[in-house]
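Each chain is listed here by its residues.
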Amino acid sequence: MEATNTQKRDTLRQKKKPVSKDKVLAFLFLLPSLILIAVFVYGFIGWTGYVSVSNWNQLIPDMSFVGLDNFSSIFQTFRFQSDLRNMLFFTVFFIAGVVILGQFLAVLIDQKLKGESIFRNIFLFPMALSFVVTGVVWRWVLNPDTGMNIILDGLFGWTPGWYTDTTIVPTLQIGQIDFGIPLALIAVMIAAIWQMTGFSLAMYLAGLRGIPEELREAARMDGATERQIYFKVILPQLQPITFGVIVMMLHISLKIFDLIYTMTGPGANFVTDMPAVNMFETTFRGNYYAEGAAIAIVLLVLVAIFIVPYLIKSRKGEA
Amino acid sequence: MTKSLSKGIFYALLVLFSLFFLIPFYVMVVTSLKPFDEVSIATMWQLPSAINLSSYAQAFAKLVPNFLNSLYIVIPATLISALLGSLNGYVLSKWKFKGSEWVFTALLFGMFIPYQSVLIPLIKTIQVLGLYNTIPGLVLTNVVYGIPLTTLMFRNFYASIPDSMIESAQIDGAGFIRIFRFIIIPLSITGFVVVSIWQFTNIWNEFLFAITITGSEQQPIMVALQNLAGSQIVEWNVQMAGAILAALPTMIVYIFAGRYFIQGLLAGSVKG
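Note that the protein sequences, when read in sequence, are chains E and C. In this text, residue positions in the first sequence follow the UniProt record's numbering: the first is 1, and each later residue adds one. In this text, residue positions in the second sequence follow the UniProt record's numbering: the first is 1, and each later residue adds one.
These are calculated hints, taken from the structure and not from any lab test. A couple of the hints might just be wrong.
[Said to hold, decoys possible] Below, computed lysine-lysine pairings styled on BS3-like, alpha-carbon distance capped at 27 Å:
1. C:LYS98 to E:LYS313
2. E:LYS232 to C:LYS7
3. C:LYS7 to E:LYS21
4. E:LYS114 to E:LYS232
5. E:LYS112 to E:LYS232
6. E:LYS23 to C:LYS96
7. E:LYS23 to E:LYS232
8. C:LYS98 to E:LYS23
[As the list claims (entries may be wrong)] Which bits of chain C does chain E cover? Going by a derived footprint, with three or more residues having C-beta under 8 Å, they are:
9. 4-13
10. 45-59
11. 76-88
12. 93-103
13. 106-115
14. 214-226
15. 249-260
Glycine is no exception: its CB is placed at the ideal position from the N, C-alpha and C atoms.
Extracted from the complex, chain E is given alone in its bound form (with noise of 0.2 Å):
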């Protein structure tokens, strides 16, 4: 294709070098961007790994080869231990509610009601707002002594810890810490969720809208309900969205700061806290450079575990 048309350009024009000048000239273009992406992201990087095999674990650099030291000492830790429990279960239910919610609601405003706009509108609000904002006011939604307590109290009688809850669901000791799943992190996945839910509503909607008329009336023609046709005709050409928002997910959770920085903090015996908290903490307030290194690189690692196979399969896609 390419070969063809620059043969069909160079006929028409009858001369080579404005062609491949053209093609200079964009490549320079493109070249600051480059060197910033690789000094900035690649070079930043390799900067981080060389940290975190040295030996910078107060405020003075000392570069000093120690190995994985950094990488075993952490690992130890009842916090670094405490962080990756967290960061599994707040992972698999935080997108787990914003692909069942978002879908689901995504069916219900595709149902051409009057006044979906609306609906649509207050489901994708949060979506503007920071998660610092966001952290803020669900702080005070679900601070245990009011909020949705109040309103908890007087329909059960149930007034649930949120976030300053310690309790594990179910307690196996492994390593140094209770394995399960702290119930403090509920109050942040819904605070999560909430925020979140309206992007996967606009995947989803995007592609019900792109399902093309025919292929219900098909369905229709066959004789299939209503409901057999959202579930065995819909939903499975929605998947590759599925898939889409799942990754998307997937690396805002892997690396969830904000959120928790604002709204809980590391918590009572770290049941709130996250990788890229500890990080932050370990690093900047601590001054344990290299182990702060060691943790950004673990982090960076589950990171491109997924998202790697994931941009060059949709690199490929494309081709």
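Could you slot chain C onto chain E? The hints should help.
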């Protein structure tokens, strides 16, 4: 009969979920309008007895300088990263070269990394450049780490401009720059609106870079809000007024340009 019944159920569900989604907004607005002596734990859900703006006065006094800092950061950073993104998107969609797809993929990876993995070198570099604790430092940072996303959005956008248009312009003797100036730019007004709105929202709401690169004087609004909310002595009504002030610009953008906001959301989600 069953049709109207199921419609009724759909409405009921939508209203129920809407109420859940509106809770934080209700609490934020109601609390912010109360005077301090009415902000009690027991009466959280009640409307204020009279509208009282004293909490806004306090929040404004504390946050307006940071609000301005955020504006000084977000405006240049949005413009520069949109411009770079449009150039990159143009090159990567209309001037593909050998390996350009891989260059693009490598670029894209930059928007997925946890920024913790570049934070230590970033601070050292910003310090060496003399930009630590400055607004230009945050502008630079937001521009650089915004490049992958803006490039992606413009590239997806330019994919819909037919290659034949570029080819016929070349036959007419137009080169790289003329085509960009006279064909691409006029066709990408919507693209610029979408990308600018999306980047404005992202940078306004950004927190991690802001808290690591700036100290008290130069802090953007989100860091100041966190500090306001984190200190035990500040009352809830002032916190909520502060949260509203911090959220105001992006809320206004969403209300008046929601369509473009959603386009941005979809354009920035790689590809399903």
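Hint by hint, here is what the structure shows:
1. Only pairs whose Cα atoms come within 27 Å are accepted, and LYS98 (chain C) paired with LYS313 (chain E) is accepted, the gap being roughly 19 Å.
2. Between the alpha carbons of LYS232 (chain E) and LYS7 (chain C) the distance comes to roughly 21 Å, so the proposed pair stays at or under 27 Å and holds.
3. For the given pair, LYS7 (chain C) sits about 63 Å from LYS21 (chain E) by alpha-carbon distance, which is inconsistent with the 27 Å threshold.
4. Among the hinted pairs, LYS114 (chain E) with LYS232 (chain E) is consistent with the structure: their alpha-carbon atoms are about 26 Å apart, no more than 27 Å.
5. Between LYS112 (chain E) and LYS232 (chain E), the direct Cα distance comes to roughly 20 Å. Compliance with the 27 Å bound is thereby established for this hinted pair.
6. With a C-alpha separation of about 8 Å, the suggested pair LYS23 (chain E) and LYS96 (chain C) falls inside the 27 Å cut-off, and the hint holds.
7. Between the alpha carbons of LYS23 (chain E) and LYS232 (chain E) the distance comes to roughly 49 Å, so the proposed pair goes past 27 Å and is violated.
8. Of the pairs offered as hints, the one joining LYS98 (chain C) and LYS23 (chain E) holds, with about 11 Å between alpha carbons and a cut-off of 27 Å not exceeded.
9. Chain E is given as covering the stretch 4-13 of chain C, and this holds because 4 residues of the stretch bring a CB closer than 8 Å to a CB of that chain, at least three being needed.
10. With 1 residues bearing a CB less than 8 Å from a CB of chain E, the stretch 45-59 of chain C misses the requirement of three and the coverage assertion fails.
11. As drawn, the stretch 76-88 of chain C meets chain E at 3 residues by the rule of a beta-carbon pair under 8 Å; at three or more, the given contact holds.
12. Closer than 8 Å: that is the beta-carbon criterion, and the stretch 93-103 of chain C has 6 residues meeting it against chain E, so the requirement of 3 holds.
13. With 9 residues carrying a beta carbon less than 8 Å from a beta carbon of chain E, the stretch 106-115 of chain C meets the three-residue requirement, and the given coverage holds.
14. Remark: the stretch 214-226 of chain C is confirmed as covered by chain E, as 3 of its residues place a Cβ nearer than 8 Å to a Cβ of that chain, reaching the required three.
15. With a threshold of 8 Å between beta carbons, the proposed coverage of the stretch 249-260 of chain C by chain E holds, since 5 of its residues qualify and at least three are required.
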